[in-house]
Amino acid sequence: MDQNPAIRVRGLQKSFQQLHVLTGVDFDVARGSVFALLGSNGAGKTTVVRILSTLLRPDDGTATVNGCDVVAQPARVRESISLTGQFAAVDEILTGRENLIMVARLRRVPDPRRVADDLLAQFGLADAGARRVATYSGGMRRRLDIAMSFIGDPPVIFLDEPTTGLDPEARLEVWKMIRDLAGGGTTILLTTQHLEEAEKLADRIAILHRGTIIASGTLAELRELLPPARVEYVETQPTLEEIFLATVGGGEAQR
Amino acid sequence: MTTHAFNDTNVMLGRSLKHVTRSVDTIITVTIMPIAFLLLFRYVFGGAIEANTDNYVNYLMPGVLLIAIASGISYTGFRLFNDMQNGIFERFHSMPITRSSVLWGHVLTSLVANAISVAVIVGVGLIIGFRTSAGVLAWLAVAGILALFTLALTWIAVLAGLSASTPDGASAFSYPIVFLPFVSSAFVPTETMPGPVRAFAENQPVTSIVDSTRALLDGQPVGSDVWLALGWCAGIGIVAYVFAVLAYRRKVR
Ligand SMILES: Nc1ncnc2c1ncn2[C@@H]1O[C@H](COP(=O)(O)OP(=O)(O)OP(=O)(O)O)[C@@H](O)[C@H]1O
Ligand SMILES: [Mg+2]
Chain G
1 MDQNPAIRVR GLQKSFQQLH VLTGVDFDVA RGSVFALLGS NGAGKTTVVR ILSTLLRPDD
61 GTATVNGCDV VAQPARVRES ISLTGQFAAV DEILTGRENL IMVARLRRVP DPRRVADDLL
121 AQFGLADAGA RRVATYSGGM RRRLDIAMSF IGDPPVIFLD EPTTGLDPEA RLEVWKMIRD
181 LAGGGTTILL TTQHLEEAEK LADRIAILHR GTIIASGTLA ELRELLPPAR VEYVETQPTL
241 EEIFLATVGG GEAQR
Chain X
1 MTTHAFNDTN VMLGRSLKHV TRSVDTIITV TIMPIAFLLL FRYVFGGAIE ANTDNYVNYL
61 MPGVLLIAIA SGISYTGFRL FNDMQNGIFE RFHSMPITRS SVLWGHVLTS LVANAISVAV
121 IVGVGLIIGF RTSAGVLAWL AVAGILALFT LALTWIAVLA GLSASTPDGA SAFSYPIVFL
181 PFVSSAFVPT ETMPGPVRAF AENQPVTSIV DSTRALLDGQ PVGSDVWLAL GWCAGIGIVA
241 YVFAVLAYRR KVR
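For the protein sequence lines, the chains are G and X, in the order given.
At position 197 of the first sequence the residue is numbered 197 (the UniProt record's numbering), and the sequence of numbers has no breaks.
At position 233 of the second sequence the residue is numbered 233 (the UniProt record's numbering), and the sequence of numbers has no breaks.
Don't read these hints as lab results, they were simulated from the structure.
Incorrect hints may appear among the rest.
Derived DEER-like restraints, expressed as beta-carbon distance ranges [as the list claims (entries may be wrong)]:
{"id": "1", "chain 1": "X", "residue 1": "His-4", "chain 2": "G", "residue 2": "Arg-113", "range": "17 to 27 Å"}
{"id": "2", "chain 1": "X", "residue 1": "Ala-247", "chain 2": "G", "residue 2": "Ile-214", "range": "38 to 48 Å"}
{"id": "3", "chain 1": "X", "residue 1": "Leu-17", "chain 2": "G", "residue 2": "Glu-221", "range": "26 to 36 Å"}
{"id": "4", "chain 1": "X", "residue 1": "Val-112", "chain 2": "G", "residue 2": "Leu-19", "range": "39 to 49 Å"}
{"id": "5", "chain 1": "X", "residue 1": "Ala-48", "chain 2": "G", "residue 2": "Ala-130", "range": "38 to 48 Å"}
{"id": "6", "chain 1": "X", "residue 1": "Phe-6", "chain 2": "G", "residue 2": "Asp-117", "range": "22 to 32 Å"}
{"id": "7", "chain 1": "G", "residue 1": "Ile-214", "chain 2": "X", "residue 2": "Thr-21", "range": "50 to 60 Å"}
{"id": "8", "chain 1": "X", "residue 1": "Tyr-43", "chain 2": "G", "residue 2": "Asp-117", "range": "31 to 41 Å"}
{"id": "9", "chain 1": "X", "residue 1": "Val-112", "chain 2": "G", "residue 2": "Asp-69", "range": "32 to 42 Å"}
Stretch by stretch, here's where chain X covers chain G in the computed footprint (C-beta under 8 Å, at least three residues) [to be verified]:
{"id": "10", "region": "52-58"}
{"id": "11", "region": "76-88"}
{"id": "12", "region": "93-104"}
So, partial list: chain G residues that the calculated Cβ filter (under 10 Å) puts toward chain X [said to hold, decoys possible]:
{"id": "13", "residue": "Arg-107"}
{"id": "14", "residue": "Pro-110"}
{"id": "15", "residue": "Arg-131"}
{"id": "16", "residue": "Arg-132"}
{"id": "17", "residue": "Met-148"}
{"id": "18", "residue": "Ser-149"}
{"id": "19", "residue": "Phe-158"}
{"id": "20", "residue": "Glu-161"}
The beta carbon of each residue, even a glycine, is placed where N, CA and C say it ideally should be.
Please take these sequences and the hints and turn them into a complete structure.
What follows is the structure, given as structure tokens:
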């Protein structure tokens with residue numbers, strides 16, 4: 001295994017009152033790779049992301065990001081990460097351009113205006129840049145939100161359901177940007193409901209279910225979890241969706 | 001570190017000021033009620049009120065300004081509450097910034113916004129007969145007292161904005177503060193009030209702030225009132241600040 005992963009999570013636990021959301025989560029994310037966290041609604045994906053981005057304290061277990069412990073050195077962790085949360089975190093009263101400039105100034109990057117203009121162009125928002133975000137459509141807001149996370153080239157980026165609410169075209173655009181970022185050495189942890197997204201983007205995939213990672217590996221490794229006979233019968237590779245439903249489905253019946 | 005704190009607070013201030021300048025209606029809402037009081041007391045009640053003064057507008061002015069500030073700070077609670085509902089707060093908290101800058105941005109905005117309301121009301125006052133013999137130093141002293149009063153109340157607003165569970169709760173806390181000037185020396189001399197009310201009026205913070213501001217504006221000696229006024233503002237401000245910071249720490253894990 002990688003001796004120096006970008007993200008290392010061991011025995012992570014988190015409960016909200018009686019609700020045991022994470023009961024022991026372990027995974028590593030190699031530097032420069034794309035890691036997808038899959039799980040049903042309420043599985044705890046957002047909880048993992050919030051712990052890793054220092055917004056929430058775990059009850060037990062450890063998590064390090066870029067070599068720094070999220071509980072002991074939160075300020076150091078924040079220096080190496082960027083977060084796009086599940087719900088758009090943009091300032092509605094400012095314009096799109098002002099939102100980007102604000103983040104660029106907070107991250108102290110040189111020439112915030114140029115950075116903002118470049119990102120607006122890159123995310124297809126150049127025409128809307130001078131408009132207040134309150135007038136944006138859901139997809140435009142989401143693109144602005146992702147653009148804000150790209151500022152300052154942080155080595156680790158968390159994307160919580162980045163393409164939810166995007167049309168197919170915008171989704172492909174965002175996928176391409178994520179691939180480019182990973183190609184440039186950025187480590188990306190994304191959560192998604194969209195299994196095709198994990199298939200297309202992720203180097204490694206982990207399925208979070210009932211508080212733990214019940215399966216993880218490359219897409220090829222996950223495929224081996226299914227009985228090979230089935231693969232031959234349908235004469236096609238199982239999609240991740242089938243793998244997901246097969247691994248998760250067993251437990252679902254007991255609910 | 002301190003240069004970061006300065007930069008971050010500056011960015012937050014700029015953001016929050018845009019919220020104010022893009023909702024000019026909030027400034028109108030904040031100034032309209034104090035202006036209404038000013039006109040009401042000047043032209044309706046003023047004739048019947050025996051305040052031992054030859055210019056009742058001068059007498060009114062300090063209390064009306066305090067009412068304006070007390071209602072102005074409720075917007076700080078409201079804006080802070082909205083920030084917390086919105087994901088933008090979590091984005092800020094996941095970024096390598098000085099965390100206190102998030103609060104200070106709102107607090108400094110409150111100072112600027114209230115200074116604007118105060119200027120508007122003084123302008124209206126001048127039109128209806130407010131006259132002052134205060135020199136530059138006295139004006140600076142008045143500005144200082146009002147700024148300290150704003151600062152103290154703003155930290156109460158921050159505490160309310162952080163602790164409230166509804167937007168109404170985040171601004172409703174200011175109603176009692178808005179009414180404090182009515183039970184003080186702001187509109188009538190306290191000597192005219194019955195025993196217990198008078199005791200309350202003479203010992204609550206607004207009376208000392210009103211009396212010292214009024215004396216400064218009239219070019220009179222302020223005496224010990226000004227120290228009492230500053231003491232109240234500093235005391236309230238420090239207590240509210242401590243509780244606000246504790247509430248903030250609880251909120252951001
Ligand atoms: N602050 C909180 N207080 C109480 N319960 C919470 C809190 N945050 C999350 N939960 C609960 O924890 C569980 C996991 O939530 P989480 O948001 O991590 O799920 P998720 O996998 O991201 O789901 P989704 O796909 O719907 O976004 C849910 O049952 C949720 O209700
Ligand atoms: Mg989620």
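Going down the list of hints, with the structure as the test:
| no. | hint | in the structure |
| --- | --- | --- |
| 1 | X:His-4 to G:Arg-113: 17 to 27 Å | 21 Å, holds |
| 2 | X:Ala-247 to G:Ile-214: 38 to 48 Å | 39 Å, holds |
| 3 | X:Leu-17 to G:Glu-221: 26 to 36 Å | 53 Å, violated |
| 4 | X:Val-112 to G:Leu-19: 39 to 49 Å | 44 Å, holds |
| 5 | X:Ala-48 to G:Ala-130: 38 to 48 Å | 55 Å, violated |
| 6 | X:Phe-6 to G:Asp-117: 22 to 32 Å | 26 Å, holds |
| 7 | G:Ile-214 to X:Thr-21: 50 to 60 Å | 53 Å, holds |
| 8 | X:Tyr-43 to G:Asp-117: 31 to 41 Å | 55 Å, violated |
| 9 | X:Val-112 to G:Asp-69: 32 to 42 Å | 40 Å, holds |
| 10 | 52-58 | holds (count 5) |
| 11 | 76-88 | holds (count 8) |
| 12 | 93-104 | holds (count 5) |
| 13 | Arg-107 | 7 Å, holds |
| 14 | Pro-110 | 13 Å, violated |
| 15 | Arg-131 | 13 Å, violated |
| 16 | Arg-132 | 8 Å, holds |
| 17 | Met-148 | 7 Å, holds |
| 18 | Ser-149 | 8 Å, holds |
| 19 | Phe-158 | 8 Å, holds |
| 20 | Glu-161 | 13 Å, violated |
Checked against the numbered hints given earlier, this structure breaks hints 3, 5, 8, 14, 15 and 20; the rest are met.
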